[in-house]
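2 protein chains.
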Amino acid sequence: MLKNKIGREVPEYIEGIGELRPYEGPFSFKLETRKFAKRISSIKPGESKLLDSIEKSVIASGLKDGMTISFHHHFRAGDYILNMVMDVIAKLGIKNLTLASSSLSSVHEPVIEHIKNGVVTKIVTSGVRGPLAEAISAGILDTPIIIRSHGGRARAIEAGDLKIDVAFLGAPSCDEYGNANGYSGKSFCGSLGYAKVDAEYADKVVLITDNLVPYPNVPASIEQTEVDYVVQVDELGDPKGIASGATRYTKNPRELLIAKYAASSIEASGYFVPGFSIQSGSGGASLAVARFLKNKMIEKDIKASFALGGITGQFVEMQQEGLIAKICDVQSFDLIAAKSIGENPNHYEISASLYANPHNNGCVANKLDIVILSALEVDTDFNVNVITGSDGVIRGASGGHCDTAAGAKLSMIVCPLIRGRIPTIVEKVNTVITPGETVDVVVTDRGIAVNPLRGDLIERFTKAKLPLCTIEELKEKAESITGKAKPIEYGDKIVGIVEYRDGTIIDVIKQVK
Amino acid sequence: MLKNKIGREVPEYIEGIGELRPYEGPFSFKLETRKFAKRISSIKPGESKLLDSIEKSVIASGLKDGMTISFHHHFRAGDYILNMVMDVIAKLGIKNLTLASSSLSSVHEPVIEHIKNGVVTKIVTSGVRGPLAEAISAGILDTPIIIRSHGGRARAIEAGDLKIDVAFLGAPSCDEYGNANGYSGKSFCGSLGYAKVDAEYADKVVLITDNLVPYPNVPASIEQTEVDYVVQVDELGDPKGIASGATRYTKNPRELLIAKYAASSIEASGYFVPGFSIQSGSGGASLAVARFLKNKMIEKDIKASFALGGITGQFVEMQQEGLIAKICDVQSFDLIAAKSIGENPNHYEISASLYANPHNNGCVANKLDIVILSALEVDTDFNVNVITGSDGVIRGASGGHCDTAAGAKLSMIVCPLIRGRIPTIVEKVNTVITPGETVDVVVTDRGIAVNPLRGDLIERFTKAKLPLCTIEELKEKAESITGKAKPIEYGDKIVGIVEYRDGTIIDVIKQVK
Chain D
1 MLKNKIGREV
11 PEYIEGIGEL
21 RPYEGPFSFK
31 LETRKFAKRI
41 SSIKPGESKL
51 LDSIEKSVIA
61 SGLKDGMTIS
71 FHHHFRAGDY
81 ILNMVMDVIA
91 KLGIKNLTLA
101 SSSLSSVHEP
111 VIEHIKNGVV
121 TKIVTSGVRG
131 PLAEAISAGI
141 LDTPIIIRSH
151 GGRARAIEAG
161 DLKIDVAFLG
171 APSCDEYGNA
181 NGYSGKSFCG
191 SLGYAKVDAE
201 YADKVVLITD
211 NLVPYPNVPA
221 SIEQTEVDYV
231 VQVDELGDPK
241 GIASGATRYT
251 KNPRELLIAK
261 YAASSIEASG
271 YFVPGFSIQS
281 GSGGASLAVA
291 RFLKNKMIEK
301 DIKASFALGG
311 ITGQFVEMQQ
321 EGLIAKICDV
331 QSFDLIAAKS
341 IGENPNHYEI
351 SASLYANPHN
361 NGCVANKLDI
371 VILSALEVDT
381 DFNVNVITGS
391 DGVIRGASGG
401 HCDTAAGAKL
411 SMIVCPLIRG
421 RIPTIVEKVN
431 TVITPGETVD
441 VVVTDRGIAV
451 NPLRGDLIER
461 FTKAKLPLCT
471 IEELKEKAES
481 ITGKAKPIEY
491 GDKIVGIVEY
501 RDGTIIDVIK
511 QVK
Chain R
1 MLKNKIGREV
11 PEYIEGIGEL
21 RPYEGPFSFK
31 LETRKFAKRI
41 SSIKPGESKL
51 LDSIEKSVIA
61 SGLKDGMTIS
71 FHHHFRAGDY
81 ILNMVMDVIA
91 KLGIKNLTLA
101 SSSLSSVHEP
111 VIEHIKNGVV
121 TKIVTSGVRG
131 PLAEAISAGI
141 LDTPIIIRSH
151 GGRARAIEAG
161 DLKIDVAFLG
171 APSCDEYGNA
181 NGYSGKSFCG
191 SLGYAKVDAE
201 YADKVVLITD
211 NLVPYPNVPA
221 SIEQTEVDYV
231 VQVDELGDPK
241 GIASGATRYT
251 KNPRELLIAK
261 YAASSIEASG
271 YFVPGFSIQS
281 GSGGASLAVA
291 RFLKNKMIEK
301 DIKASFALGG
311 ITGQFVEMQQ
321 EGLIAKICDV
331 QSFDLIAAKS
341 IGENPNHYEI
351 SASLYANPHN
361 NGCVANKLDI
371 VILSALEVDT
381 DFNVNVITGS
391 DGVIRGASGG
401 HCDTAAGAKL
411 SMIVCPLIRG
421 RIPTIVEKVN
431 TVITPGETVD
441 VVVTDRGIAV
451 NPLRGDLIER
461 FTKAKLPLCT
471 IEELKEKAES
481 ITGKAKPIEY
491 GDKIVGIVEY
501 RDGTIIDVIK
511 QVK
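These protein sequence lines map, in sequence, to chains D and R. Every letter in the first sequence is one number past the one before it in UniProt numbering, and letter 466, counting from 1, is 466. Every letter in the second sequence is one number past the one before it in UniProt numbering, and letter 38, counting from 1, is 38.
One or more hints might be untrue.
Since the list can't tell identical chains apart, any single copy or any two copies may satisfy a pair.
[Stated by the list, open to error] No more than 27 angstroms apart at the CA atoms, straight line, and that leaves these computed lysine-lysine pairs for DSSO-like: (1) 251 <-> 240; (2) 30 <-> 477; (3) 44 <-> 5; (4) 3 <-> 484; (5) 493 <-> 163; (6) 163 <-> 30; (7) 30 <-> 64; (8) 486 <-> 428; (9) 493 <-> 3; (10) 44 <-> 409; (11) 30 <-> 56; (12) 409 <-> 260.
Hints were generated in silico from the structure; no laboratory data involved.
Construct all of the structure, not just a fragment, from the sequences and the given hints.
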């Protein structure tokens with residue numbers, strides 16, 4: 001173990017994973033190798049890619065013990081694919097697999113059984129929630145899971161750090177040769193941004209669809225040349241879980257207060273100028289920030305050049321109203337966004353690599369002016385935790401958090417000072433996902449703290465008479481209400497390692513006693 | 001030298017090129033390696049890709065003696081880019097380069113000077129015309145040029161046979177970070193299908209534009225992550241040479257007769273059924289075939305699933321009229337097509353790899369039912385020459401000829417029996433581009449010959465009372481009019497090698513005395 005740049009103890013080597021490199025700063029580590037690339041494979045005219053069962057596709061793919069399989073999480077809580085495929089693989093007796101889903105959620109509880117039976121022995125993911133997350137935190141796996149950001153996963157795949165042998169990708173619309181999109185069909189989910197990377201780099205790609213359409217299904221988000229097999233099934237997922245309706249605006253007064261402070265901070269930041277760009281999440285406060293900002297845009301006749309990220313209907317509406325020129329969408333958060341991406345050429349589907357990969361000649365996150373991000377915890381070094389709860393158990397996802405914080409000119413965290421009886425601003429976060437040196441502003445309902453690295457913003461915010469305080473003051477305010485939190489009792493076993501987007505290790509997650 | 005499968009003498013090794021593999025049949029040679037991939041390269045937020053001159057981009061790219069540079073030919077006879085860049089490179093004193101343009105034409109005559117001065121010592125291209133072609137045929141280069149089909153070039157790039165160090169790509173619409181398309185701006189050319197491959201695989205990519213637009217310029221045919229530098233210049237090319245207006249229908253009675261026979265053959269072939277797919281060129285006879293076919297489609301209520309290839313306004317109109325569902329466009333042949341690709345989502349831009357690469361898991365050419373192709377010569381083994389004239393001098397291009405002939409279920413050559421006093425049907429073509437085993441039907445104004453391998457077609461055409469004859473009969477008819485052609489006097493020097501689409505050598509081109 002050695003201490004990385006932000007003082008976290010990280011291992012230099014882990015059995016089953018290999019040598020590790022400690023985090024040294026957001027842009028210190030660069031790669032000079034060639035990209036990894038998939039195997040060349042040819043089929044003759046007349047040969048078919050259609051197979052009539054998932055089992056046949058697993059067999060045809062050549063999947064063997066010890067290999068790595070991948071999935072995408074565009075179906076969110078509605079996903080049937082991962083469990084369906086894992087059941088087939090288990091039945092075929094294949095063992096010792098690395099499960100490399102772009103993310104995992106509560107619906108993937110059945111993976112616990114596959115771990116117990118030796119089918120899955122390693123997991124790499126952006127995040128995990130629910131019973132599977134609890135089992136991992138309790139130490140069910142011998143090898144720690146690897147948590148990667150969306151940009152970091154794309155980087156790892158392109159660099160060959162994450163070699164995918166077989167990708168099983170749900171495709172809401174697909175032809176018999178593998179041209180696919182995510183925005184049509186009964187299981188439509190919008191962007192296939194995460195899946196695009198797997199399709200491009202996995203040695204074998206199986207598309208699973210419940211909506212086989214005539215050839216050629218173009219425009220295509222995944223093109224036929226990336227696809228080996230196509231399987232038709234009855235249902236990819238539960239539409240209710242895949243895409244929720246348009247998110248409603250919050251009426252929570254605390255969230256509205258945070259949003260008001262955030263919008264005023266943005267206005268005062270110097271970045272709120274014609275042609276600015278923005279990413280904002282789907283949480284109540286984030287959506288409210290966008291709504292407040294929209295009013296300011298109309299008021300001041302300021303138009304944005306683009307909105308990035310996980311996209312909500314709110315940004316779609318703003319684009320339609322002429323307030324935002326373009327939308328770059330790696331993941332569609334709701335029904336409105338999921339439909340729009342198939343209809344509006346200015347609503348553009350981007351891969352996770354184009355979105356946020358730090359080693360690809362300039363991702364879109366690099367061009368971001370403002371990002372509004374949430375947090376489970378922020379510490380007095382401005383480090384942010386979005387992966388483990390106050391009990392130390394995994395219950396979140398890295399997502400694009402550290403990617404956009406590093407890319408954006410103004411990276412802003414919005415969070416309540418306390419949640420229930422639990423402080424959000426703490427001395428040391430349980431787990432660092434995003435390093436403080438890439439976080440500029442923390443906006444709470446009890447005041448706004450600016451990273452001392454950003455003297456320019458402190459000056460601007462002071463002039464704008466915003467309720468500024470130091471991050472230490474916020475921590476003390478929180479503690480004065482909740483008292484000091486009892487430290488979590490961790491065991492020695494490392495159950496997860498957190499990769500920074502460049503592939504270095506920023507933190508570890510230990511077993512909870 | 002050894003004889004390949006079609007009896008052509010081809011070398012096993014050429015100095016400056018290396019080991020060669022003889023042609024062994026259209027689908028015999030398969031690759032099992034990984035694809036080649038470009039170097040990983042990263043830039044930080046805030047870093048710019050804009051450079052204010054081509055010279056600076058050449059220097060920034062790290063171009064050195066002995067490297068390989070590439071260009072695309074979407075600006076056709078209007079291209080300014082290649083000559084502009086070559087002049088800068090020559091001025092910088094860089095020597096011994098391999099020029100790997102997707103094709104070359106008469107406007108590239110200045111390359112002759114660069115060859116004489118040692119700036120260019122090797123050329124790989126789909127084709128070449130005019131003074132440069134004549135100089136090559138006369139032996140100006142020490143190393144033979146390599147002629148590759150459009151699919152074969154994409155294959156060579158993906159396989160790492162053709163490693164591009166720096167690609168200089170003209171972009172009619174481009175933002176400062178490299179998101180580009182070909183269908184807007186004063187120099188619009190439509191599809192950037194050939195350029196897409198270079199952008200994906202070249203180690204350094206320089207986009208040259210005369211139309212810098214606000215970021216993000218999406219949808220993008222070339223995405224920012226593929227681009228290293230962006231240079232703005234006054235003009236990319238001569239609009240008159242880039243895209244001609246809609247091609248007019250031929251009134252030539254011989255072409256109309258060929259077209260009539262061709263359309264009747266297609267109708268009788270069994271492939272003219274709902275959902276059929278088609279590629280057809282921009283020559284007079286080809287366009288006329290499409291027109292006759294259109295009438296038959298309306299008459300019989302038959303709709304096509306897609307049109308492929310170099311696309312003309314004719315197919316765009318048929319798509320708009322609902323006769324064709326989708327268009328897959330690697331190269332837009334006229335103004336109507338070049339505009340449509342930016343406006344119509346069912347007019348889809350495809351890369352040269354997706355178009356026709358035989359080693360990419362299934363190109364669109366694999367799904368083609370009918371292709372209508374031209375020929376300079378066809379021999380009694382059905383081999384086709386589209387590269388050298390009757391004098392043996394290079395004056396054409398391989399294009400997608402052998403790619404689509406291999407992919408399509410019905411590959412049909414349309415050509416006059418004689419041109420001027422020169423027979424088209426001969427005993428042995430000067431140069432084989434497309435092997436006879438992939439050619440099904442030869443339609444001339446004096447009769448239709450079917451490849452004996454296709455007994456099924458002979459039966460259908462006989463039933464349909466088409467003017468069938470053997471290919472030998474066609475040859476004799478031609479000779480009875482023109483007399484036997486005097487054999488060309490070749491020297492010993494090989495000035496060009498012709499790669500089949502799979503990378504094997506199908507023929508060589510010798511110096512003309």
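Violations among the numbered hints, reported as their numbers in ascending order: Structure breaks hint 2 only.
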